[in-house]
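Engineer: Grab the two chains, each in its own frame, and use the hints to assemble them into the complex.
For the record, the sequence lines run as chains A and B. Each residue of the first sequence is one higher than the one before, starting from 1 at the first, in my numbering. Each residue of the second sequence is one higher than the one before, starting from 210 at the first, in my numbering.
It is worth saying that the hints were derived from the structure and are not from the lab. Think of the CB as a built atom: it goes at the ideal place given N, C-alpha and C, for glycine as much as any other residue. Possibly wrong hints are sitting among the right ones.
Part of the chain A face toward chain B, derived, beta carbon under 8 angstroms [as the list claims (entries may be wrong)]: (1) T29; (2) I37; (3) L135.
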Amino acid sequence: MTVLNTSILRVGLMLAIFAIVATSLVAITEDNTRDKIVENEKKTLLAAINALVDSNDYNNDIITDILILPKTKRLNTRENSIVYRARKDNQPIAAVFTTIAPNGYSGKIKLLIGVNYDGSLAGVRVISHKETPGLGDKIDLKKADWILQFNNLSLIVPVESKWKVKKDGGQFDQFTGATITPRAVVKAIKNALYFFEKNRDDLFKVIDE
Amino acid sequence: MNAVYGPIIREGLWKNNPALVQLLGLCPLLAVSNTTINGLGLGLATILTLVASNGLVSLLRHQIPDEARLPVFMIIIASIVTIIELSMNAWFHELYLILGIFIPLIVTNCAIIGRVEAFAARNPVGPSIVDGLMMGLGFTAVLVLLGAMREVIGQGTLLSEAHLMFGESASQLTIVVFEEYRGFLMALLPPGAFIGLGLIVALKNAIDAKQSIKQVPVNSTTKPISA
Chain A
1 MTVLNTSILR
11 VGLMLAIFAI
21 VATSLVAITE
31 DNTRDKIVEN
41 EKKTLLAAIN
51 ALVDSNDYNN
61 DIITDILILP
71 KTKRLNTREN
81 SIVYRARKDN
91 QPIAAVFTTI
101 APNGYSGKIK
111 LLIGVNYDGS
121 LAGVRVISHK
131 ETPGLGDKID
141 LKKADWILQF
151 NNLSLIVPVE
161 SKWKVKKDGG
171 QFDQFTGATI
181 TPRAVVKAIK
191 NALYFFEKNR
201 DDLFKVIDE
Chain B
210 MNAVYGPIIR
220 EGLWKNNPAL
230 VQLLGLCPLL
240 AVSNTTINGL
250 GLGLATILTL
260 VASNGLVSLL
270 RHQIPDEARL
280 PVFMIIIASI
290 VTIIELSMNA
300 WFHELYLILG
310 IFIPLIVTNC
320 AIIGRVEAFA
330 ARNPVGPSIV
340 DGLMMGLGFT
350 AVLVLLGAMR
360 EVIGQGTLLS
370 EAHLMFGESA
380 SQLTIVVFEE
390 YRGFLMALLP
400 PGAFIGLGLI
410 VALKNAIDAK
420 QSIKQVPVNS
430 TTKPISA
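In isolation and in its complexed conformation, chain B is listed as follows (with noise of 0.2 angstroms):
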């Protein structure tokens, strides 16, 4: 079992995470990381799509034809979606008007048909769950790394508006970190994400760097990032 599942976990979560290595969902990842919450927020939503299209398209495919394949994924992916969204607005509506804003912007995710190319459509549906699920879990945990950063720096605040998500009862886990803060605004900007983004990314692969000179004192080689 964990020979085979441990490489993805590993896979998803640090050595090809989407919003590092791959850099892939930029768009959607820029874009909704001005606060922690809102990071949570579309991390969540990617999980559950990521999860679900993953499994599908594990399922189905043999019966996928070779040549269409892209075609169909987009089917499949932009059904889930609607589906999700819908469901979401009829049953959980509380949670649809806060995360609502998000779920179209999945479909602009191309993790997720990368995903699905580059593993599920070539894997059984087991570990093409774990593999969504830990994709899923490595940009939610990228997204909610950058938002933190950007919320801290822009306003001062961690997890501020938690009890959008969370209920009332989750008002008071909002954290003052500056008091009398008077905010720096281009964190909460979309250069804020761009330079954010690429501090993560240089830290992760600063901590690469340092572990592969470990290993290898000799002949350390750190994988040039291929975009």
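Chain A extracted, bound-state conformation (with noise of 0.2 angstroms):
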């Protein structure tokens, strides 16, 4: 019995001395590489925010002139998002959100765009989704250059009617074999646009510190 308890009680404190160092080494690194990961996903973050935004074109510090917006049903976000507004000498420029499309091929595709104060699109990228590789995928810029043609786009220009893949009257090309995610992410920009529009001045304020 004593034999069978201290034989467990050593393999006990082994593990428990495993886990304490183990442990520790993580923390370690954890706390020695926090402050670096922070500067670099700011650094991306900022890389993403200027591929829509021309970064000449803003002087403000775009990562903390925030806002953040809770739950949107235009924009199909399911819990606050931020939306980044870029303003040169205090004058609103353009405004930074993401975007959901709910109906893609298969599942949500996660879009970030840009919209400029006078309501054009800076902008669209996609940030994350599902789609068929080889086809629906074609949305992403890694694959291919067709989210760059809504650049300058705007609920003027075109006229609303023409806010649709060429398979239902509109002007957006769709893919061979995949109508379903172009269908999605053109519905996606043009609900964000009437969400900017509708919204505009409350996303620019700024709310006194």
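Structural biologist: Written out as structure tokens, the structure reads:
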């Protein structure tokens, strides 16, 4: 009995020591990398934003000039999302925010969308999607230039009836073998533009500190 | 030297290849082998983890209590993977953005705990590290081959998106095998992965069978594969 007890105790103790040492090492690594990771993520985020809004066109700190948006039906966001606001000398230039196309061919398509203050699109990028490789994934800039055709479009150009894929009588190309994906993206972008038009002044409102 | 390392190298790369013979780590293997570059990315991350976990376990093999070795292995492997992930995120952020998704997948790769248990726990550090490296290379070779097969059949290219891993200068590396190829979707989807891996396993067995007939014409026995 005592032999068993001491052996269990010994094994348990060794296990505990291994767990403590390993966890400490992970904790130390985390501590040493945290600042660098935050900085890297900020850089990546800034690069994503600057792909939509030229960094020469604004001079505020866009990463901190943000608005927290509660879940929004027009954008299909299920939780809080962030609006990044570009300003030049305190004049609003553009807003960058996420919107979700809920009806992709296989699930949600998450988009980062930049809208200029005048309501025209600064640009759109696909952040994440699960569309079929080789067919629907051409919405991704890594695979094709399709997403770039939205640059500078607005609710005025083209007219609303043309905010559809060609198959539905609109002006946007669908892909061979994949209509659902581009249709979902076009609709999500159009909805985001409506959302922006309706809430423009609120989106750029400065919250007093 | 060669007497010790020779068999380890042959085991890892061919005779006991983790993907073709031990059939370990199939979950990440099948999931990520849709292009050559994806396969290479997961392969490199796996090599790194295999070498680190094999080396560390071998170093600590006399301290690890036998009764509790599996939880200890899991603690070690999970810690290594987490540390690699954090370090890559901090210091090789560009690479992390590409390989990042694969790294958590490595924890699900039973080839790693398999090698730790079967080899590193009872062998010195040197051979254990070589074993990790060779098993990793064997795994990577299958990943890259399967990735290349699926990419050529699925979308008619090779090494597409190489720039993601090797920088912009590598974007010319992409080889268009079939011009104006319409694509064969099934190769890119999970069934393509299973069929492709099956073909590679069959090919390996065929080569082995041919060789054993050459060597022992009378008593040819091919070892059955145990999963």
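Engineer: Go through the hint on A/T29 and say holds or violated, using the shortest Cβ distance to chain B against 8 angstroms.
Structural biologist: Because about 5 angstroms separates A/T29 from the closest Cβ in chain B, which is inside the 8 angstroms limit, the hint holds.
Engineer: If you take the shortest Cβ to Cβ gap from A/L135 to chain B, is it below 8 angstroms?
Structural biologist: Check passed: Cβ of A/L135 comes within 7 angstroms of chain B, closer than 8 angstroms.
Engineer: So, as I understand it, the hint says A/I37 touches chain B; can you test that by seeing if any CB pair is closer than 8 angstroms?
Structural biologist: holds, 5 angstroms
In summary, this structure violates none of the numbered hints.
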